[in-house]
Amino acid sequence: VEGYCLALKDRSDVPPEKLKDVARVLEPRASYPRPVLDLALWAARRYLCQPGEVLQAAAPAEGRYRTTQRARLLVTPTEALRRAEELSGRAPAQAAALVELAGRRGSADVAALRRRLGPGATRSLRALADRGLVALEEKAAGAGERTGPRRDGAAPTDLAAALDSRPAGPVPEGEGGFRLTPAQEAAVGALTAALEGGGGEVFLLHGVTGSGKTEVFLRAAAETLARGRQVLILVPEVSLVPQTLERVRRHLGPVRVVVAHSYLAGRERLDYWEKVVTGQADVVVGARSAVFAPLDRLGLIVLDEEHEDAYKQEDGAPRYHAREVAAWRARREKAVLVLSSATPSLESYHRALEGRYTLVSLPERAGGRAMPPVELVDMRAELASGNRSVFSRRLQAALAETLRDGGQAILFLNRRGHSTFVLCRDCGWVARCPHCAVSLTFHRPEADLACHYCGHRAPAPDRCPGCGGHRVRYFGAGTQRLEDEVRTLFPGARVARLDADAVRRRGEVDRILALFAAGRSDVLVGTQMVAKGLDLPGVALVAAVSADSALHLPDFRSAERTFRLLVQAAGRAGRGSRPGRVIIQTYNPDHPAVAAASTHDYLSFARAEMEARHELGYPPFTHLVRVELSDRDEAGAAAGAEALTGALERLGFRAAADLPRGAGEPRYAGPAPAPIKRLRGRHRWHVLVFSSDLETMLEVVKQAVKETTGRAARGGRRREAAGPVAAVDVDPVSVL
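Take any residue in the sequence shown, note its place counting from 1, add 40, and you have its number in our numbering.
In short, the hints are calculated from the structure, not lab data. Check before you lean on any hint, since a few could be wrong.
[Said to hold, decoys possible] Taking lysine to aspartate or glutamate and the EDC-like style, the derived pairs with C-alpha atoms no more than 20 Å apart in a straight line are:
id	residue 1	residue 2
1	742	705
2	572	277
3	572	541
Could you put the whole structure together from the sequences, leaning on the hints where they help?
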């Protein structure tokens, strides 16, 4: 049993015979400073999980001399899923382990599987090993080649080199001595004053895309370092780390920079942790989990692109939001927190309007560059005129013009794969996942069908499995089809694709972006990965191929998510000397989110959306807890959700249906099947709990879950156990 020592006591209420001796200390250099322990204890209370789960997320620093156990499939993932179907009745725990391994590309640490499936996972894996389906292997933690950042903190990527060597032109984001605008000067002054005043303040740095937000917070970083304090810079995606490192080096010079993110190997994570604990780091750059970096002289925290959902841990405990953790840490450690975005989350913007955050605005692009004009194309008219291509005629013409003039283009479509569903035109059969309530996506060049939730794969059928007919057709467009159509329309264009399928190998993201940054690709096709904070001065055209893909999902944040994706994607255009142009293809040109995005008008969108949320009593005007009850038996999940609402009633919460619309008092909605009714073989029901009093709501939810399942509420941990299992998500970013 592994554990964390949080404090020492002279006596215990636990009977002595039940206390275990400490066998050994695994790695004394991986200790947790007191501020990190305090942060972990707070996060455990805030997100209804265990302190150990938070500490493991903070620094899963495997000991240098310890072995880890991995489970590896001895059959293909498709065969594993077939065997899981066979075992689901008599050995559901073993079936769950097979599904999980198939979804993890065939192998995983046993410790990770235990966290996902519960303590019985080890027993299930041994049984699967006896069946010849799984191999259990021991290996030294951190063994193998170093594949992460070098020990000097430099980024071992081609992207940084490409950015350093790109053609000269107007320096983006005000870099390299570019004169600050008056708004930038005012912003730097406000942050400097806060640093001088002792910290503890939260700033919302709201600026249009290309307004020089990076320059502002890096100037604040220089001021922080000059005062002998440390800087923590968070980005939402690991793919943004190289670009951020390059900018830090350019601005701050020879400072000691350390990289921290979950893709580092065990030994690399320990190296990072040891450097920070021993005071060998001035700046830490990393993704979400770096918010727990053990800096003891922390003066400045930056959350770049603070609106991104990636800052919220969604799959498994601890389901924390880096923004909330950073805000608590900044106040506790007297640091300044900067939340930077062109499209702030409505939670952050609302707090700024209330005066809880200080709002700093950058309303214009740096260097006098204009915002790119946006053209809406009504795809209803295109379809009515006979154009069935994914490209409107306007987009085809704009792409041809851009390529002719030597510019680059980004085509954004937030659906991967080739075709989004497969249907038989004779009997109506649709290819569906046997483990999840979703249709399967057709992928090329594998020519197979894939579930994007559990990883199930099956060969694409030549004939309909339902009726035997031959009229099996492929509908909908993903990024692979988009890439094919660009190559067909423009055979001379150099096309690259950036999505989860294209970057399975380590380093592929950096390689693809490096080629594009160096001008060795003409068109970049991708999912939302291409819309997240990239600074690529050669881009003259950006197109949102289907602006409606997420607009009508059954989630109250759908409009906000659509608006910010469109604005962020549009913001990649015209960041260099070449003027930019944006085309948005939509079937809903009059939708408020689409219309506001077409004019880069965050304020009008935020006002309208917050008015609607206020009327409904939704966040940011209240807190929300989502409780998911899941079971392999549908009736069991439904019964668990019903029991939960009964417990909430007894504890003083009322059904939202019985209250006036938008009522502010504690309430719950549901029970109801989750929008995706089944995932990984488990049926899902959920209950949404609302209250403006977060502390009371957390206590009530904890008690209600305990009464319902007989187990303490856990922040998303799933266990393979009899009866429904509760997963609790505090302030979720999605209710799907």
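Hints versus structure:
no. : hint      : verdict
1   : 742 - 705 : holds (19 Å)
2   : 572 - 277 : holds (8 Å)
3   : 572 - 541 : holds (18 Å)
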